[in-house]
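Undergrad: Each chain is listed here by its residues.
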Amino acid sequence: MNIVIDPVTRIEGHSKITISLDEHGTVQSAHFHVTQFRGFEKLCEGRPFYEMPALMARICGICPVSHLIASAKACDAILAVRIPETAEKLRRVMNLAQIVQSHALSFFHLSIPDFLLGMDSDPAKRNLFGVAERDRDLARDGIRMRKFGQEIIELLGGKRIHPAWVVPGGVSEPLTVERRDKILFTIQEAKDILSRALLWFKRQLSEFSEEIRTFANFPSHFMALSNPEGALAFYKGKLKIVDAEGGLVEEFAGEDYADYIGEAVEPWSYLKSPYYKKLGYPAGIYRVGPLARINMARHCGTPLADQELAEFRELSRQMVLSSFYYHYARLIEMLFAVERIEALLNDPEILGKHVRAYAGPNNHEGVGVAEAPRGTLIHHYKIDESGLIKTANLIIATAHNNLAMNRGVLQVAKHFITGPSIPEGMLNRVEAVIRAYDPCLSCSTHAAGKMLLDVQLLDCDGNLVAQARR
Amino acid sequence: MTDVLIVGYGNPLRGDDGMGRETARRLALQYAGDRRVKVLSRHQLTPELADDIAAAGYVIFVDASEDLPPGLIARESLPTETLSRNSTHQGNPVSLVRLCLDLYGKCPPTSLIAVGGASFEVSQTLSPLANRTIPQVISLISEIVERKLLEESVPQQQR
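Each protein sequence line maps, in turn, to chains A and B.
Numbered according to my numbering, the first sequence spans residues 1492 to 1961.
Numbered according to my numbering, the second sequence spans residues 277 to 435.
For reference, chain A alone in the conformation it holds in the complex (with noise of 0.2 Å):
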């Protein structure tokens, strides 16, 4: 027997799960299917590098500004420039905006339905309408939070979604004293709505004890970037892989990651399963995100969310294990970025007028690695003697989870679903095991050359007659 949840609800693009349950009813395997196909790779070939950033942000209505920010910083290699300090400045300020619109449509639109009226709870009402109905002020801070987020984009790139602002080379317009204060002015409730909103999730954390011992909570590495002071880093510094108990695994450049970082195909999804190489294909598991970038940050560097960095520390000594607390993390991630955010604008040089470097190609290639909501994203071009694309890869934070989504969509379907009768609260959880990685997957199909195609006819009652692998 199959159960398939078709589609999954509350995530960011198409994608469906399978469940498949031996003659007893019980869960024998579990996959999570991304069903929709991009190409963006392909698409881009041929035309000239420098337009990259405003065709990946393309990708996605969501988290644009990552792959802008991840693509102007592969450009900025084939440049081989060092972008003026005030540009490095105004991109991370958009970066943290990113990462605040992101996680606050992730936690207070797409989760708090099932954090507030629960997981069983009437599925006509876990939306945002059902948690305006029961908290208003709850829902209203979700609207709060989010719209911060995007009015800073805006502010700074002159639209929310698919700004074009950030360029090879820096970004094309510097910041006024107007908009700047405009962002200031905003900053205070942001900090007071993420403190009521930590508060309160921390009290809710009793209600789900079961779901944190079983949402995807397994052993694994952990990915994400690392500056040398170990802080909270976004935008830059270097790679850094540690195992479940937080040793540290492997440290190297983004433009290394090909030697250690592998991308596995199966025939049931378009999303690819990057793996760790050394460990190979599937051993090679691991995390990447809210979750992973908490477990792995020494400190945030910002008061307030430092604060919450060692509440969430007592958790556990080592490593943070369930997929649950992605939430928490998500929350605290938030409130690092409003502080840091507030920081960067009242840095003098954020007002610089120099926010440009200029330069041809000097490279005929570039990395460029930056922090996105959901983890690590990598943008890698080859251009030929004229300046275009011959070869584009892109590895999407939403893919790096994809076999720990798996992996967790089992864990849960195998604890809460035993046949013949399955609850719809039941198929929630296993849904939720995946709302806790926030996937982006219009970001995150993008799958260069030939993809693993498994044709198979079945007969009327299901018997394969005949199957075509490629």
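Any given hint might turn out to be false.
Heads up, simulated DSSO-like pairs for lysine-lysine below, C-alpha to C-alpha not over 27 Å straight-line [said to hold, decoys possible]:
{"hint": "1", "chain 1": "A", "residue 1": "K1881", "chain 2": "A", "residue 2": "K1768"}
{"hint": "2", "chain 1": "B", "residue 1": "K382", "chain 2": "A", "residue 2": "K1616"}
{"hint": "3", "chain 1": "A", "residue 1": "K1769", "chain 2": "A", "residue 2": "K1873"}
{"hint": "4", "chain 1": "A", "residue 1": "K1616", "chain 2": "A", "residue 2": "K1693"}
{"hint": "5", "chain 1": "A", "residue 1": "K1729", "chain 2": "A", "residue 2": "K1769"}
{"hint": "6", "chain 1": "B", "residue 1": "K314", "chain 2": "A", "residue 2": "K1673"}
{"hint": "7", "chain 1": "A", "residue 1": "K1769", "chain 2": "A", "residue 2": "K1731"}
{"hint": "8", "chain 1": "A", "residue 1": "K1731", "chain 2": "A", "residue 2": "K1768"}
{"hint": "9", "chain 1": "A", "residue 1": "K1650", "chain 2": "B", "residue 2": "K314"}
Beta-carbon label-pair distances, calculated as ranges [said to hold, decoys possible]:
{"hint": "10", "chain 1": "A", "residue 1": "E1664", "chain 2": "B", "residue 2": "P411", "range": "29 to 35 Å"}
{"hint": "11", "chain 1": "A", "residue 1": "K1693", "chain 2": "B", "residue 2": "E419", "range": "50 to 56 Å"}
{"hint": "12", "chain 1": "B", "residue 1": "P411", "chain 2": "A", "residue 2": "L1842", "range": "38 to 44 Å"}
Worth flagging that the hints you see were computed from the coordinates, not collected in a lab.
Where is the CB? At the ideal position from N, CA and C, for every residue including glycine.
Mind docking chain B on chain A? Use the hints.
TA: Frame of chain A; chain B shown alone:
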């Protein structure tokens, strides 16, 4: 508080579906510097707009329509009662009004200006008919705005 909020929305990569945003772009220029009128251009309607709606005295949505005959302009007042709760990936004016009521306990009078489009195929340009229609839409909205601003100013003068 904004006296009048205008929200033009649609997908400018889908031909005439971009009419709402083009109308908003032109109206933003027309009302630049007038703090009483706020004009927003959006790809799609998201929940955050409920916050702007709650802070306005009157709201006008502008959108292209596939259902109306091309070039036809229709104005509809949106009910703020007996609305269903409709949470979809893409919002619509009615669900935003509902959300505004739920979140803030109030919602200003709201109307939708729908404009029949000729082509919704992949294109970054508007059809000739859409280009001819937009000035009429702007004229209609300008009349509404002027009337609303006048209504707002009368009580103030009386005070």
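Undergrad: All hints are to be evaluated individually against the structure, with a verdict given for each.
TA: Structure-based check of all given hints:
1. A:K1881 to A:K1768: Holds - the C-alpha atoms of K1768 of chain A and K1881 of chain A are around 25 Å apart, at most 27 Å.
2. B:K382 to A:K1616: Answer holds: K382 of chain B to K1616 of chain A is near 21 Å, not above 27 Å.
3. A:K1769 to A:K1873: holds (25 Å)
4. A:K1616 to A:K1693: holds (23 Å)
5. A:K1729 to A:K1769: holds (18 Å)
6. B:K314 to A:K1673: At roughly 16 Å apart (the allowed maximum being 27 Å), K1673 of chain A and K314 of chain B satisfy the hint.
7. A:K1769 to A:K1731: holds (14 Å)
8. A:K1731 to A:K1768: With Cα atoms ~14 Å apart, K1731 of chain A and K1768 of chain A stay inside 27 Å; holds.
9. A:K1650 to B:K314: holds (15 Å)
10. A:E1664 to B:P411: 29 to 35 Å: Given a distance of about 31 Å, which is inside 29 to 35 Å, the answer is holds.
11. A:K1693 to B:E419: 50 to 56 Å: holds (53 Å)
12. B:P411 to A:L1842: 38 to 44 Å: holds (40 Å)
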